[in-house]
Amino acid sequence: MADAAIRTAPVPAEPARFDGVTISLGLPLARWSLRGRNPQELGNALGLPVPGRIGETAGGMACLGPDEWLLRLPEGSIIPMGEGQPLSVVDISDRAITLIVEGDRALDVLSSGCPRDLSKLAVGEARRTVYETVEIVLIREGETRYAVEVWRSFAPWLHLALVTAASHLPE
Amino acid sequence: MILIHCPYCDQTLPELEFAYAGEGHIARPTDPSALSDEDWERYLFIRDNPRGRHHERWRHIHGCGRFFNAVRDTVTDKFEMTYKAGEPRQ
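Protein chains in written order, with this note's numbering: chain S, 11 to 181; chain R, 3 to 92.
There may be inaccurate statements among the hints.
Claimed, not checked - Not everything, but these chain R residues come out facing chain S in the computed CB check (under 7 Å):
no.: 1; residue: Leu18
no.: 2; residue: Ala21
no.: 3; residue: Tyr22
no.: 4; residue: Gly67
no.: 5; residue: Phe69
To be verified - Only part of the chain R face toward chain S is listed, based on derived beta-carbon distances under 10 Å:
no.: 6; residue: Met3
no.: 7; residue: Cys8
no.: 8; residue: Cys11
no.: 9; residue: Asp12
no.: 10; residue: Gln13
no.: 11; residue: Leu15
no.: 12; residue: Glu17
no.: 13; residue: His62
no.: 14; residue: Ile63
no.: 15; residue: His64
no.: 16; residue: Gly65
no.: 17; residue: Cys66
Simulated from the structure, these hints should not be mistaken for laboratory data.
Positions of the beta carbon are idealized from the N, C-alpha and C atoms, including for glycine.
All chains, full assembly: derive it from the sequences and hints.
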């Protein structure tokens, strides 16, 4: 019966390959939503480096807002829960999945639905934004590699939208 | 598309990331039970609705998530300025 609790990914496991871009499912991750007024306090409680400016990332942790961070670590990782301290550490591992958009045309695919000027997103920068109407966290992991964190229930639609955009790229 | 400057992110970003959140600088009564029905009605429902310069709250909902204040012209839809929540009325 334990099998019944195993989650299946809401998008195809097989990467979608196009000329100049590949859209694939990222590895399962452990994710935490971290809230706290003071980055220093949060860092001390977790024993991890905490990026201080919105958009910055450090060691898998992205600063999303002035008091909000997203921590992404390999599946099975464990962190201190900050008991007794004015912090919020919430496990949201299964809330989202990661879509990896990679290739020379990755920027064109993401720009098809994201209103931001993504060419200004630096390598290592992470921002919460939208793709059409779906909220995403976009992390530029490399020169032509982007990780898109999307809520599980929105993922099938977003995957279809990205694949459609990738298959209609102008020359 | 209208571009709005988020005072927390310190970036000028498309309006699709933002949500309007009503008139700004509406202070919650410190002792609600002491208010008359008319005062309570005024606090809950009565708003300025000016033609021209308007102080209002916005939220960078698909971004840093924070509320902030803005001064927008209701005729031209131009944002004059934005500033952090808690800062005095500009």
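Determine which of the earlier numbered hints do not hold for this structure and return their numbers in increasing order.
Those not satisfied are hints 2, 3 and 5.
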